[in-house]
Amino acid sequence: MTTDDDRHLARYRDARTTALFRLDMIARGAQLTYEDGTPIDMASEKARLEAIVADMDRRIRALEERAT
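Using the working numbering, read the sequence shown as starting at 14 and increasing by one per residue.
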């Protein structure tokens with residue numbers, strides 16, 4: 014695996030972890046807001062974060078397979 018691949022892998026894992034953390038917050042009933050105080054539609058945010066996790070899983074798997 015190249016150094017660039019290592020950097021991408023670390024970045025993808027970090028993005029996945031952040032998305033999972035936010036999904037956990039949503040599952041616990043958190044209500045996120047924009048900077049101006051407007052509430053974020055949590056159903057849409059949940060779907061967006063689930064899509065991010067799935068995308069990061071695909072990217073991570075592709076890089077790990079390339080390394081072998």
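It is possible that some hints are incorrect.
[As the list claims (entries may be wrong)] Distance ranges between label pairs, derived from CB positions:
#, residue 1, residue 2, range
1, Arg20, Leu45, 22 to 32 angstroms
2, Asp18, Asp49, 33 to 43 angstroms
3, Asp68, Thr16, 34 to 44 angstroms
Since the hints were derived computationally from the structure, they do not count as laboratory data.
Glycine is no exception: its CB is placed at the ideal position from the N, C-alpha and C atoms.
Results for each hint:
no. : hint                               : in the structure
1   : Arg20 to Leu45: 22 to 32 angstroms : holds (29 angstroms)
2   : Asp18 to Asp49: 33 to 43 angstroms : holds (39 angstroms)
3   : Asp68 to Thr16: 34 to 44 angstroms : violated (23 angstroms)
Comparing the model with each earlier hint shows a violation of hint 3 alone; every other hint is respected.
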